[in-house]
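Chain order of the listed sequences is A and B. Residue numbers for the first sequence follow my numbering, beginning at 1 and rising by one. Residue numbers for the second sequence follow my numbering, beginning at 1 and rising by one.
One thing to keep in mind: the hints can contain errors.
Unchecked claim - Only some residues are given here: those of chain B computed to face chain A with a beta carbon under 7 Å:
| no. | residue |
| --- | --- |
| 1 | Ala159 |
| 2 | Gly170 |
| 3 | Leu186 |
| 4 | Ala189 |
| 5 | Leu442 |
| 6 | Ala444 |
| 7 | Ala445 |
| 8 | Pro446 |
Stated by the list, open to error - Here are the simulated BS3-like pairs of lysine-lysine, each with C-alpha atoms no more than 30 Å apart in a straight line:
| no. | chain 1 | residue 1 | chain 2 | residue 2 |
| --- | --- | --- | --- | --- |
| 9 | A | Lys87 | B | Lys153 |
| 10 | B | Lys153 | B | Lys98 |
| 11 | A | Lys87 | B | Lys199 |
Simulated from the structure, these hints should not be mistaken for laboratory data. Note that CB positions come from ideal geometry on N, CA and C, so glycine has one too.
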Amino acid sequence: MTVPISHFVTFAAVLFAIGAAGVLLRRSGISILLGIELMLNAANLALVAFGRQHGQLDAQVFVFFVMAVAAAEVAVGLALLVAIFRKQRSIDVDRLNVMRW
Amino acid sequence: MRADLIALLPELMLATLAMAVLLAGLASGKARHGLLGAGAVLALAATGVTLWLAAGATDPGAHFFSGMFVLDHFAIFFKALFLLTAALVVLLSHDYLKRNDYRPGEYLALVMFATVGMMTMASGVNLAVIYVGLELMALSTYILAGYFRREVKSHEAAAKYFVLGAMSSGILLYGLSLIYGATGTLDLATLARVLASAKPGPSALVGVALLACGFLFKVAAVPFHVWTPDVYEGAPTPITAFMSVGPKAAAFAMFLRVFIGGLAPLAASWIWLVGVAAALTMIWGNVAALTQDNVKRMLAYSSIAHAGYALVGLVAGGPAGVNSVLFYMLVYTVTNIGAFGFVILLESRGYAGETVADYAGLARRHPAAAFGMLLFMLSLGGIPPTAGFMGKLYLFAAAVNAGYVWLVVVAVLMSAVSLYYYLRIVLQMYLREGDGAEPATLVAAPWTERVIWACGVAVLVIGLLPAPFLAAARAMAGAVGLL
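Chain B on its own, in the form it takes in the complex (with noise of 0.2 Å):
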């Protein structure tokens, strides 16, 4: 009993903590945007420390409550990841809170929620906690896109993505309670033994089959993104940053654990499945977003290709397709949460400032942080020496060695389009000139160029010198598929 509140310390530690500012936000009013953004990424820092301290005291191998909790190298890195990513968008937020003008109490308090239900999915080994820390995750996330209840687009934002996230979560559920039937467990080592001792029957295939679909929703993949770039255009753009990389790595978190893990018997099933739906999402994320003309879609665009390509490691399988999946998410975690930074200082009055043309001439007026952006763009890209490129060299290098050779060149191609819309970004930034009478100018906001600047030199580091984090990716990824 000890031992298994230990393993939940952290979670246990970060829910509590939210409350705290859930409340500290009520007693003290609009004005205290500094105190609370303080306490909450100290919250986040403490979580960190806990977790760390949690994970020396307890056994990788370990299984906590019966069995349904892991605490396990694969949960420590995405935890850890989560906690960045959250501390990333708080920080991010600050200025922006304040510029609009809306109290951050809940707001903050949400999405330290929303990472305590993406930290309990990548611990869960058991369907039902998975379940369970999807829809804290989910319902925090709807609520945060229509923080901004003063904007019509906010709440189209959020209905939108309410509606389409709670059916994939019906789907979700119906095809667990298929394969729930069909096997008698919803634990996932017991789940992979019953799968390869017996022959399993259609109702198990057709809830694999649903819940692949309500997982592809999760990912915003192909076909099931049509809520993508609306719901990232109207949301407050912190949690359009929040969204693109935190639910999205805990919904790959959580697809790795349940399909390479659990599912892994039904393989030839479900492979060619994901695999279609990967190319799909490749071509018709990078295709739709070169259309675009408002830069928030854009990038919602970009962040549908780019799960793509990470479900290319998904297919890829095996450790070394784990590995590069971990890797890439923290490579596009940093590189997105960056671009998004540079958005957010350009969003000068209110929805204003998004569209491309807006970027005209930046360079020369603000030229750090048009160099800033044009590290990210490049990362998104994947050019070198920047992250990106390191990240999609070991996704595609696994997925050759597995042997999905048609895969990498649809993904290898589909990057050499993705080029055309994010160098449009920087030609407009370094060889056009504004011509409107009022050009864009950025806002001062310290703590979102301190960000930019965190994120700029996390994507130099890692494109420089990715040996250490590769290492960690690959001493994570050990534990998931052989549970």
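Same shape as in the complex, but just chain A (with noise of 0.2 Å):
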């Protein structure tokens, strides 16, 4: 029994929903860390669903190379939180509001 495409496609559909959802909605910045993760993931998923669809290798491959960008910009953003932390003492996002339009 194999699963169906659509399954895949449903499922990385949700994931990304979630995802978008987290960074828009949460006020911590490891919680919108977790959803940029997330968003990340719903694509990788969906790749290789539509990969093994098609019957190549390309989008494997191509998903490595989203899974190393994905682990460069958690460090990136971990260090970012880092940094804020230690001049704010909070990593809550609705604290940077020095600069309002």
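Join the two chains into one complex using the hints; note that each chain is given alone, in its own frame.
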């Protein structure tokens, strides 16, 4: 029994929506990073599923690159959070409000 | 294999030299601003020479690394532009970093890494290569925006840029995966063939829409522009100058390559989306700039507006549209780096010296510098005989010839609106007296001044003799739409 492609696509879409909601609604810097990871992994999952559907390896190789990029992105994000925490003693993004339109 | 490496040599070389600068910065400590800056400029110049040699040694129509990478005229034009931008920004940063007492090593290395990313974006003809280049550029720029770690504003800029930038990358990647699912390819030429032969399903169209959202974010177009003013205001000023021209030009290179190259068969579905975004961008960018008192913030809104003008060229499409965008990027680069150079000169007390009121009476105290700023403001506003006028003329001509008269009407009206806030600075400099007890003055920054001079001369030369530059852009643009 194989899982049909539509299951993967739906699951990826749900995962993507959860990640986007996490980025937009959460206040903690760490939760926002998690949301970004979910969005990237939703795209990864869709890529792998589509790659299998097309019978190609391109997409799976691409996913390795995306994983490496995601790791670098988290490193940068966490470093920024540490710098902000040192200065403000908080990683609540609502407190980043020095500049307003 | 050998030809592959020759085509990639400029990127390889710049990445290696960037690591060398990073290590040299760690080894030499704080004091070596001059040495490291000179090293970075030499590295960028050497990469330029390598680019020239590599371009001579390879066939512009050839594909490298199994069809993933090209070194066509379009890529060469953008790479040369990126190297020029990076070199000017390194020179601008020299006095600024010294004055604010930050280490130059990592900073210069990150500027060079971002340049490697931009060069990869200009050469990629495979969505995977373009994505990796984009992320290399974006990650380097996030760190640079937060480089002034003793400043709260710089942190805030980096955090906002990072969160929104990473989210837009996620959206872009998801769109990319849907397009791959619908067509089974990441290669732009194959993508165009597949899309032309079969009617695309809804998932491909959703993918294109998401991809367009990601790209519009990267060029800072409305409605994906909210990060721009905060990031531009909070980032170190030379980095603001860099972000407003380098990554923006790179995003346009990728936008042109992917949309006019790979997604051309779907033009009917995306062209109205980009057209509406262009109109909204021009309107909102210019109108919001009117109310700004902080000059960096005003220039941020102005850069949003300029992205709108360049999008007009993208909508026009065809060789004329593409080469007008290329020419405009060149014009905008020299003009905006010059304008930010002036802001750097005036920033005497950390973040102070940025408000419009600080410009009062500067023409009397610093006539030469004020004249330079006058030139840049006229060029941004699009007044002859400056480069900005020529850039807009060719953009709008291309759009009119392609039948987008309504878009050009919006663009011309908004250019007129933009004159108000550009000339407000000129007015302050020439007609007002500084009233404060402590009028702002320009700091001594020899390299920044030289960059301003060079940009001022370039603005005038391109404005008076546009033919050779336009011919260069025209020769370079040929390849993109017709992969």
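Take the C-alpha atoms of Lys153(B) and Lys98(B), compute the straight-line distance between them, and say whether it is at most 30 Å. Given pair Lys153(B), Lys98(B) holds - Cα atoms ~19 Å apart, limit 30 Å.
Holds or violated: Ala445(B) as interface residue toward chain A, Cβ cutoff 7 Å? violated, 25 Å
Holds or violated: is there a CB of chain A closer than 7 Å to the CB of Pro446(B)? Given a least distance of 31 Å, the restraint on Pro446(B) is violated.
Taken at face value, is the distance from the CA of Lys153(B) to the CA of Lys87(A) at most 30 Å? Distance ~11 Å between Lys87(A) and Lys153(B) Cα, so the pair holds.
Interface hint compliance - Leu442(B) to chain A, C-beta minimum distance less than 7 Å: Violated: closest Cβ of chain A sits about 25 Å from Leu442(B), beyond 7 Å.
Go through the hint on Leu186(B) and say holds or violated, using the shortest Cβ distance to chain A against 7 Å. holds, 6 Å
Given a cut of 7 Å on the nearest C-beta pair, is the interface hint for Ala189(B) held or broken against chain A? violated, 14 Å
Is the hint on Ala444(B) kept, meaning its closest Cβ partner in chain A is under 7 Å away? For Ala444(B), the interface hint is violated, since the closest Cβ of chain A sits about 29 Å away, which is over 7 Å.
Hey, Lys87(A) versus Lys199(B), does the alpha-carbon distance stay inside 30 Å? violated, 55 Å
Have a go at the Ala159(B) hint: is there a Cβ in chain A nearer than 7 Å to its own Cβ? holds, 6 Å
Interface hint for Gly170(B), Cβ within 7 Å of any Cβ on chain A: Holds, because the Cβ-Cβ distance from Gly170(B) to chain A comes to roughly 3 Å (cut-off 7 Å).
The earlier numbered hints that this structure contradicts are 4, 5, 6, 7, 8, 11.
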